[in-house]
Amino acid sequence: MYVAVKGGEKAIQNAHKLMARDRRGDTSVPSLSLKQLSEQLYLSVSRVMAEGSLYDAELAALSIKQSRGDLIEAAFLMRAYRTTLPRFGYSKPIDTAKILIRRRISATYKDVPGGQLLGPTFDYTQRLLDFKLAADGEAPTPEMHKFEKKEVVPRVTDLLNDEGLIEPDELLAPDAPVGDITREPLTFPADRDLRLQNLARGDEGFLLALGYSTQRGFGRTHPFAGEIRLGEVEVDFFMEELGFEVPLGTMTVTECQMINQFQGSASTPPQFTRGYGLVPGQGERKVMAMALVDRSLRAEELGEEIDSPTQDQEFVLSHSDNVQATGFVEHLKLPHYVDFQSELELIRKVRKEWQEKREASEQELVAEAAQ
Amino acid sequence: MTERAETQSISGEHYNFAYLDEQTKRMIRRAILKGIAIPGYQVPFAAREMPMPYGWGTGGVQVTAAVIGKDDCLKMIDQGSDDTTNAVALRNFFVETTDVNTTTKTKDASIIQTRHRIPEEPLTKEQVLVYQVPIPEPLRFLEPRETETRKMHALEEYGLMHVKLYEDIAKFGHIATAYAYPVMVQDRYVMDPSPTPKFDNPKMNQMEALQLFGAGREKRIYAIPPHTKVVSLDFDDHPFEVTEFEQPCAICGAESVYLDEVILDNGGNRMFVCSDSDFCEERRDAGYVGHPGTNPLEAEGND
Numbered sequence: 001m002y003v004a005v006k007g008g009e010k011a012i013q014n015a016h017k018l019m020a021r022d023r024r025g026d027t028s029v030p031s032l033s034l035k036q037l038s039e040q041l042y043l044s045v046s047r048v049m050a051e052g053s054l055y056d057a058e059l060a061a062l063s064i065k066q067s068r069g070d071l072i073e074a075a076f077l078m079r080a081y082r083t084t085l086p087r088f089g090y091s092k093p094i095d096t097a098k099i100l101i102r103r104r105i106s107a108t109y110k111d112v113p114g115g116q117l118l119g120p121t122f123d124y125t126q127r128l129l130d131f132k133l134a135a136d137g138e139a140p141t142p143e144m145h146k147f148e149k150k151e152v153v154p155r156v157t158d159l160l161n162d163e164g165l166i167e168p169d170e171l172l173a174p175d176a177p178v179g180d181i182t183r184e185p186l187t188f189p190a191d192r193d194l195r196l197q198n199l200a201r202g203d204e205g206f207l208l209a210l211g212y213s214t215q216r217g218f219g220r221t222h223p224f225a226g227e228i229r230l231g232e233v234e235v236d237f238f239m240e241e242l243g244f245e246v247p248l249g250t251m252t253v254t255e256c257q258m259i260n261q262f263q264g265s266a267s268t269p270p271q272f273t274r275g276y277g278l279v280p281g282q283g284e285r286k287v288m289a290m291a292l293v294d295r296s297l298r299a300e301e302l303g304e305e306i307d308s309p310t311q312d313q314e315f316v317l318s319h320s321d322n323v324q325a326t327g328f329v330e331h332l333k334l335p336h337y338v339d340f341q342s343e344l345e346l347i348r349k350v351r352k353e354w355q356e357k358r359e360a361s362e363q364e365l366v367a368e369a370a371q
Numbered sequence: 001m002t003e004r005a006e007t008q009s010i011s012g013e014h015y016n017f018a019y020l021d022e023q024t025k026r027m028i029r030r031a032i033l034k035g036i037a038i039p040g041y042q043v044p045f046a047a048r049e050m051p052m053p054y055g056w057g058t059g060g061v062q063v064t065a066a067v068i069g070k071d072d073c074l075k076m077i078d079q080g081s082d083d084t085t086n087a088v089a090l091r092n093f094f095v096e097t098t099d100v101n102t103t104t105k106t107k108d109a110s111i112i113q114t115r116h117r118i119p120e121e122p123l124t125k126e127q128v129l130v131y132q133v134p135i136p137e138p139l140r141f142l143e144p145r146e147t148e149t150r151k152m153h154a155l156e157e158y159g160l161m162h163v164k165l166y167e168d169i170a171k172f173g174h175i176a177t178a179y180a181y182p183v184m185v186q187d188r189y190v191m192d193p194s195p196t197p198k199f200d201n202p203k204m205n206q207m208e209a210l211q212l213f214g215a216g217r218e219k220r221i222y223a224i225p226p227h228t229k230v231v232s233l234d235f236d237d238h239p240f241e242v243t244e245f246e247q248p249c250a251i252c253g254a255e256s257v258y259l260d261e262v263i264l265d266n267g268g269n270r271m272f273v274c275s276d277s278d279f280c281e282e283r284r285d286a287g288y289v290g291h292p293g294t295n296p297l298e299a300e301g302n303d
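Chains as they are written, first to last, in our numbering: chain A, 1 to 371; chain B, 1 to 303.
Isolated chain A (complex conformation) (with noise of 0.2 Å):
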């Protein structure tokens, strides 16, 4: 009867060996390998190393292995595994026109320079289970061409911008320090390169209801999906030592540019405004949530009325964060009996009160009665 306040370590420890078992499930049948999980749920692997924050698909896809397919879990082991990391310093601003190219479209155009690329896409497939898949049948090998040389495909916004249409990115001194939100606490206002940051590890699913409230009209800015492009890019860092950079290696990559509404004031002509995603390996539609949501975002540097929560940075940003947000919504199930006691104890005497306040009114209304 008397729940002993002794035993919580033997529990863990059960409930740890119990997991483990669920987690390995029927070991008739054979163990996931990481190869299996990076090369065949690689979008599962890009979520978790975006929203994770650490470039590194084996990791991810240990991740996901331990954490049995539950995604935020496996981003927060990643999280944790990061930390402790030691830092080098920061790589060179990598240069998207650069990327080399396995997907690019533009729904701003019919044509651009270098092409509408549709690339791996889900686009424009039917939606029907695919029961060779489940029969193990394995896709037909498509056809190779080598190709010759690096292409340098332009960004649809640079188009834009010879014409001075569309707003110039911003331009920061090459010396000018970039914020780092996994260093430095975040207050509000906010910068645009911490609110990218923020968004970038930010959850895919937060991204997407938001930016999808933009466009049913809870701060609507009008978007046209510029470019989306997906490649590899290199990455490169500066030894101080050596005085010079050195490639890193390449780095997949999305990116999307959001071409919107156009604004103007008395001392710039009216042009259209940019909002921006990006996230490593690939992830279409957290870059292009991410574009609608940096996008409201700048509500206030635009001079935009600010009435609905995609605008609202301290909204976004403190609550876009799965690992936190997971965290601290499941803590409720830690125990709280201390705090529910001194509920308890004000709600029976509060009730009592109330019990002999009403009490007291009754005998007076019958007391009156009789009179």
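A hint or two may mislead.
Unchecked claim - Mimicking SDA-like on lysine to any residue, the simulated pairs with C-alpha atoms at most 25 Å apart in a straight line are: (1) LYS171/B to GLU359/A; (2) LYS98/A to ALA57/A; (3) LYS357/A to HIS174/B; (4) LYS34/B to ALA46/B; (5) LYS34/B to ALA190/A; (6) LYS357/A to ILE135/B; (7) LYS151/B to LEU194/A; (8) LYS352/A to GLU255/B; (9) LYS164/B to ALA190/A; (10) LYS357/A to LYS151/B; (11) LYS10/A to GLY173/B; (12) LYS151/B to LYS352/A; (13) LYS171/B to GLU353/A; (14) LYS349/A to SER232/B; (15) LYS352/A to PHE340/A; (16) LYS151/B to GLU314/A; (17) LYS35/A to TYR55/A.
Because the hints were derived from the structure by calculation, they are not lab data. Since the model is a prediction, treat every value here as computed from it, not as a measurement.
The hints should help you fit chain B onto chain A, whose structure is shown.
Chain B alone, transformed into the frame defined by chain A:
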């Protein structure tokens, strides 16, 4: 709190002593020092991602990690008890990453990390009490915006809080806050004591031990130095009242301590026992007993 830089092994992997790297610990110590210099003021700090979830004590863990040394003796409690699940998990974290001695005895600990309680036994100047804080901002539920609340603190504009307390009295006849009851620290900052029951608030006043508060998700640290004035907010005609229990602890007979209500059966029978498990044990060892027949430890079939 002596020499720190040493590595510890967690399942074969090498992490720094107390998990955090030394640079991070320095950053946290700076925030702690600032907090001590301005009692009750919330110091922003660059909280790290920890290997336990946000909301599960990451702030307290980072503060403890920043102040712990290999000669320390750590006590970890949650809801007043050393054996609640999360207290066990966090204690193991420090055992694995620091190998320091741990204890369940309040008086033997040099650092006590807690969630939701202050031990019954008065703490001494040799001790540090580290609180895990979920929402450090006492004004948050009156004004959700950080930009606004920071201004309100800067201007010492606490009218909104008093209005809230007044409205409670008008509606319920009492201030309807039973835990996380706001306090005024050294006549300057209104502070959230973390979700400790208001029963514990008076212990914070003029405490001999150093009190440190860590909120990891919200990235704030604050502190109450020893011998600091901490006053629970109230009104002259509605003074602050400490929760009182109608009966003593069923096991050790202690009075004027915080009790847990334990439901015994489907018939609604219940008993009240000390929330501070160490305090209760010490008393039992000293020969105190509860009300005859109420001690379930003596009941048949319970061992």
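Inset, instruction - Could you work out which earlier hints the structure fails to respect and list their numbers in ascending sequence? - result: 6, 9, 10, 11, 12
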